[in-house]
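Asks: Here are the chains, one letter per residue:
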Amino acid sequence: MEHVAVWIAAFLTLGIISFLYKDNPWYKLSEAIFVGISAGYWFVVLFWDNIYGKFWVGVFPPDVVDEAGNFVSHGVPDYALIVGAVLGVLMLARLLPGVGWISRWPLAFIVGCTSGLYLMNYFSSNIMRQVQGTIIPLFGIGYGASVYEIIGNIVIVGGTFAGLVYFFFSKEHRGAFGATAKVGIWVIMITFGASFGYTVMSRMSLLIGRIDFLFGDWLGLIK
Amino acid sequence: MRREVPLFITFFIGMLLIFSVFIPPMESLGEDFTVFFDIIAVFAFFLGGGNLLRVHVSKLTRQKRDWQYSIVTLLGFAVTLVIGLFKIGNPGGIAAAPTAAGSLFQEIFDYCLVPLGATMYSLLAFFVASASYRAFRAKNREATILLIAAFIILLGRTPFGTVVTGWIPESFDVLQVPNLAVWIMNAPNLAGQRAIMIGIGLGVVSMSLRVILGIERTYLGEDKS
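Protein chains in written order, with my numbering: chain Y, 1 to 223; chain U, 224 to 448.
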């Protein structure tokens, strides 16, 4: 059985790789399988995790038992989850002509939830903590920091400030402000270069993984 | 009613979650609402699944270009769905997790979805290489800086980088490519990341406030009537 599965995996892998030659029926077939299976997979996973695991088990909790399997107490149902399910069902109103506007209610809940949570989380993690992390020593006398570390700290503080100046578009980038913004764009270019380098490395490691699968698991040429 | 109720829900829920951070007994509200959020998201996914069916059935019935592949997509979707929902081929039966080891559903994941996804993403290595050839020609100072940073990071993460600059004496070891790559990641890259993150943070905070206060309403769409 596993042998057949490996052949199927190899067939699909080669089908996707065949796109490097040109768009062809083998690639389109693999792509269609990918779309269908991935939609079905996430549908099933979300159903069992959220509808069953969170809603059903939450509203109809199983009895609490001890290690020997003896009944201890009834589970405590969380009826508030029904509100979530009702909002979810209202989302389907979009399919019904005339009452489609009701689907805005769950949408408004999601948008309100996301806004409220993100506002505080981003303020805390993306603003406060990053600013806090940038307040670091800029000279080493009495602090035991090496020249190497101090130069790094100066680059971090100056680079962050210059990067923020670059993102400030309410003032024309001219004079000293423009020069700082120019340094800011250089720092951001280094960040993009580093991100690019890492992206290429991760894609390469995926490719090596697929080639390893084809020549190892499938053809058995790599032991 | 059609716009006022959603605007009120957004305002009420948003403000409730903001205040809950400052009121200890309400601290778990965020987690509770996240569960609601997850349940609603499944129904949104149902809509997505329904849309997938509608698009491919329409393509099939109208025999549009490449309609044959729609049969494959629909079959893949239906087969995975039936196997996963009814836990067909699951050694633990209906009580076991759908992704239990040895289940048919997990085999589909391991031998179809993983190879397809990994190969699809690995193909990007080729496209990134060809795109970078066009984009990375050092046409100006900014492009040159990006090119040099990417080159050092790429070289510093391979054994080749160690071999090429291994001769540099220890007193100047910061100039060895692997160390230089680490320094770029820890200093200028960190500075750029911080500037971007603070910018994103400020953008999210202002956008969230606009949404909660009802200034930003595009998520409601337009009334057709």
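It is possible that some hints are incorrect.
[Stated by the list, open to error] Reference listing, derived: stretches of chain U covered by chain Y, where coverage requires no fewer than 3 residues with Cβ under 8 Å from a Cβ of chain Y: (1) 233-239; (2) 263-274; (3) 339-347; (4) 365-375; (5) 424-430; (6) 433-444.
[Unchecked claim] With a straight-line cut-off of 27 Å between C-alpha atoms, the simulated DSS-like cross-links for lysine-lysine are: (7) U:Lys287 to Y:Lys182; (8) U:Lys287 to Y:Lys28; (9) Y:Lys171 to Y:Lys182; (10) Y:Lys28 to U:Lys362; (11) U:Lys362 to Y:Lys22.
Derived from the structure by calculation, the hints contain no laboratory data.
Quantities reported herein were computed from a predicted structural model and do not represent experimental measurements.
Ideal placement from N, C-alpha and C gives every residue a C-beta, glycine not left out.
Asks: Hint by hint, note whether the structure agrees.
Replies: Now the hints, each set against the structure:
1. 233-239: holds (count 7)
2. 263-274: Contact hint for the stretch 263-274 of chain U vs chain Y: holds, 11 residues under 8 Å.
3. 339-347: Coverage by chain Y holds for the stretch 339-347 of chain U (9 residues, Cβ < 8 Å).
4. 365-375: Answer holds; 10 residues pass the 8 Å Cβ test.
5. 424-430: holds (count 5)
6. 433-444: Three-residue rule met by the stretch 433-444 of chain U, so holds; n is 5.
7. U:Lys287 to Y:Lys182: With a Cα-Cα distance of about 52 Å, the restraint between Lys287 (chain U) and Lys182 (chain Y) is violated, given a limit of 27 Å.
8. U:Lys287 to Y:Lys28: holds (15 Å)
9. Y:Lys171 to Y:Lys182: holds (14 Å)
10. Y:Lys28 to U:Lys362: Violated: Lys28 (chain Y) and Lys362 (chain U) sit about 38 Å apart, past 27 Å.
11. U:Lys362 to Y:Lys22: violated (31 Å)
Checked against the numbered hints above, the structure violates hints 7, 10, 11; every other hint is satisfied.
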